Amino acid sequence: MDEDQKNHLKAYGIAYWAIKQNADVSWLLNYRGGSFLIGYNKTVEDECKTRGVSYQILADGKVTAILNEISDPQVNMEMVKLEKAPKIAVYSPKSKLPWDDAVTMVLTYAEIPYDVVYDDDVLKDKLSAYDWLHLHHEDFTGQYGRFWSAFRNATWYREDVKNQEATAKRNGFAKVSQLKLAVAKRIKEFCTGGGFLFAMCSGTDSFDIALSAEGVDICESMFDGDAADPQAQSKLNFNNTFAFKDFKLDENPNNYEFSDIDATMSRTLTQANDFFTLFDFSAKWDLVPTMLTQNHDKVIKGFMGQTTAFKKRFVKASVTVLGENKGAEEVRYLNGEIGKGQFTFYGGHDPEDYQHAVGDPPTDLNLHPNSPGYRLILNNVLFPAAKKKPQKT
Numbered sequence: 001m002d003e004d005q006k007n008h009l010k011a012y013g014i015a016y017w018a019i020k021q022n023a024d025v026s027w028l029l030n031y032r033g034g035s036f037l038i039g040y041n042k043t044v045e046d047e048c049k050t051r052g053v054s055y056q057i058l059a060d061g062k063v064t065a066i067l068n069e070i071s072d073p074q075v076n077m078e079m080v081k082l083e084k085a086p087k088i089a090v091y092s093p094k095s096k097l098p099w100d101d102a103v104t105m106v107l108t109y110a111e112i113p114y115d116v117v118y119d120d121d122v123l124k125d126k127l128s129a130y131d132w133l134h135l136h137h138e139d140f141t142g143q144y145g146r147f148w149s150a151f152r153n154a155t156w157y158r159e160d161v162k163n164q165e166a167t168a169k170r171n172g173f174a175k176v177s178q179l180k181l182a183v184a185k186r187i188k189e190f191c192t193g194g195g196f197l198f199a200m201c202s203g204t205d206s207f208d209i210a211l212s213a214e215g216v217d218i219c220e221s222m223f224d225g226d227a228a229d230p231q232a233q234s235k236l237n238f239n240n241t242f243a244f245k246d247f248k249l250d251e252n253p254n255n256y257e258f259s260d261i262d263a264t265m266s267r268t269l270t271q272a273n274d275f276f277t278l279f280d281f282s283a284k285w286d287l288v289p290t291m292l293t294q295n296h297d298k299v300i301k302g303f304m305g306q307t308t309a310f311k312k313r314f315v316k317a318s319v320t321v322l323g324e325n326k327g328a329e330e331v332r333y334l335n336g337e338i339g340k341g342q343f344t345f346y347g348g349h350d351p352e353d354y355q356h357a358v359g360d361p362p363t364d365l366n367l368h369p370n371s372p373g374y375r376l377i378l379n380n381v382l383f384p385a386a387k388k389k390p391q392k393t
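For what it's worth, the UniProt record's numbering labels the leading residue of the sequence shown as 1, then goes sequentially.
Rather than coming from a laboratory, the hints here were simulated on the basis of the structure.
Remember, it's a predicted structure, so these values are computed and weren't measured experimentally.
Don't take each hint at face value.
[Said to hold, decoys possible] Simulated pairs of lysine-lysine, DSBU-like, Cα-Cα distance not exceeding 30 Å: (1) 284 with 326; (2) 284 with 62; (3) 245 with 340; (4) 340 with 316; (5) 87 with 185; (6) 340 with 312; (7) 124 with 175; (8) 6 with 20; (9) 49 with 87; (10) 185 with 162; (11) 340 with 284; (12) 162 with 126; (13) 312 with 326; (14) 20 with 94; (15) 284 with 84; (16) 6 with 87; (17) 284 with 316; (18) 312 with 235; (19) 6 with 94; (20) 301 with 312; (21) 311 with 248.
Work out the full structure: start from the sequences and follow the hints.
See the structure below:
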């Protein structure tokens with residue numbers, strides 16, 4: 001999985017498929033970019049050829065030498081068995097909206113199966129059938145993505161409002177914000193019970209904002225028919241959130257922003273100097289962050305979204321920062337534990353489209369088979385399969 005790999009993204013699909021076939025699969029952390037070691041089977045070899053994934057056939061003696069190198073206490077490497085392919089759900093509306101989802105695109109490209117779930121499914125406790133859940137360009141605050149100012153007359157926006165209001169009514173809620181809070185709380189229960197949550201773009205901060213605003217009206221009249229609570233800010237409860245604290249709501253409904261967590265509107269970076277660096281962790285002790293940062297590049301090019309990056313001062317001390325732009329004081333990639341589960345938040349919308357706009361065509365991943373930014377997503381897909389439990393240094 002170093003620079004010699006022709007298709008890093010499809011290699012994750014091979015690993016997932018091999019686990020499903022009950023093959024002997026191990027992840028060699030920090031060895032040649034985080035390579036996968038799979039017990040030889042001609043079917044696996046043929047699958048690699050079919051999918052265009054680079055591989056090497058190793059003699060037993062060579063494998064032993066590699067494992068001896070990895071086991072050396074002085075070397076920052078580790079072998080992790082991957083034993084159970086996680087069952088994957090993607091939280092996404094059934095209706096067609098004018099943007100794509102980086103996670104569903106890369107899962108499809110890597111040939112990793114997933115199911116789509118949405119509000120009705122979550123409220124019917126269907127998450128219990130899954131190990132891993134993804135949230136992407138979503139608004140859990142009930143403000144329809146803050147698209148009112150720019151798109152309130154667009155057909156897709158009107159349809160989205162109509163569909164969400166119908167879902168709220170069908171489930172016994174007077175407002176969409178109440179529906180979305182109930183969904184967010186069910187997702188929190190899924191995670192605290194041992195589930196793995198991965199969120200990108202506005203699926204990150206809007207989720208935490210909704211949890212912090214339980215019992216508080218933060219929606220203006222164009223979203224729910226009545227004014228927001230003028231004391232809403234002082235009533236937020238940051239104990240309810242996963243990753244963020246002490247943030248302030250953006251109280252102007254015309255702004256395409258939920259709070260000051262996101263750095264999009266205040267950052268001075270341009271595409272030419274927008275990068276973030278992945279941290280190095282102890283592979284033998286901090287397994288989860290090591291798995292989540294496996295890559296052939298340590299410096300990743302940035303990309304924007306409704307939520308592009310998280311201002312570091314609002315990230316809770318209990319959260320592990322996986323990648324940041326230190327000079328800009330921006331966190332781009334983070335992980336944390338909640339209850340028995342784990343969550344990862346990744347800022348930005350599409351790792352290979354710097355400024356993806358509403359209505360832009362989806363990225364063709366055939367043009368980016370070695371994308372370091374997309375690899376981070378797939379690290380999250382595979383790490384729940386690991387046998388060993390995370391340890392803290």
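Here is how each hint holds up against the structure:
1. Distance hint between residue 284 and residue 326 is fulfilled; the C-alpha atoms sit about 26 Å from each other, no more than 30 Å.
2. Distance hint between residue 284 and residue 62 is fulfilled; the C-alpha atoms sit about 22 Å from each other, no more than 30 Å.
3. At roughly 21 Å between alpha-carbon atoms, residue 245 and residue 340 fall within 30 Å of each other, so this suggested pair holds.
4. Distance check on the hinted pair: residue 340 and residue 316 sit about 18 Å apart at the alpha-carbon level, within 30 Å; holds.
5. Distance check on the hinted pair: residue 87 and residue 185 sit about 21 Å apart at the alpha-carbon level, within 30 Å; holds.
6. This hinted pair checks out: residue 340 and residue 312 have alpha carbons roughly 25 Å apart, not beyond 30 Å.
7. At most 30 Å may separate the alpha-carbon atoms for a hinted pair to count; residue 124 and residue 175 meet this at roughly 19 Å.
8. Taking the CA atoms of residue 6 and residue 20, the gap is near 23 Å; set against the 30 Å cutoff, the hint holds.
9. Distance check on the hinted pair: residue 49 and residue 87 sit about 25 Å apart at the alpha-carbon level, within 30 Å; holds.
10. Distance check on the hinted pair: residue 185 and residue 162 sit about 23 Å apart at the alpha-carbon level, within 30 Å; holds.
11. A C-alpha spacing of about 21 Å is found between residue 340 and residue 284, which places the hinted pair at or below 30 Å, so the restraint holds.
12. A hinted pair counts as satisfied when its Cα atoms are at most 30 Å apart, and residue 162 with residue 126 qualifies at roughly 24 Å.
13. For the given pair, residue 312 sits about 9 Å from residue 326 by alpha-carbon distance, which is consistent with the 30 Å threshold.
14. As the CA atoms of residue 20 and residue 94 are separated by approximately 28 Å, the hinted pair is consistent with the 30 Å bound.
15. Distance restraint check for residue 284 and residue 84: the Cα-Cα separation of roughly 21 Å lies within the 30 Å cut-off, and the hinted pair is therefore satisfied.
16. Only pairs whose Cα atoms come within 30 Å are accepted, and residue 6 paired with residue 87 is accepted, the gap being roughly 27 Å.
17. Distance hint between residue 284 and residue 316 is fulfilled; the C-alpha atoms sit about 25 Å from each other, no more than 30 Å.
18. A threshold of 30 Å between alpha carbons decides the hint, and for residue 312 with residue 235 the separation of about 23 Å falls inside it, so the pair holds.
19. With a CA separation close to 34 Å, the supplied pair residue 6 and residue 94 exceeds the 30 Å bound.
20. Proposed proximity of residue 301 and residue 312 is supported: the alpha carbons are some 18 Å apart, at most 30 Å.
21. Annotation: proposed proximity of residue 311 to residue 248 holds, straight-line Cα distance about 12 Å (limit 30 Å).
The structure does not agree with numbered hint 19 stated previously, though it agrees with all others.
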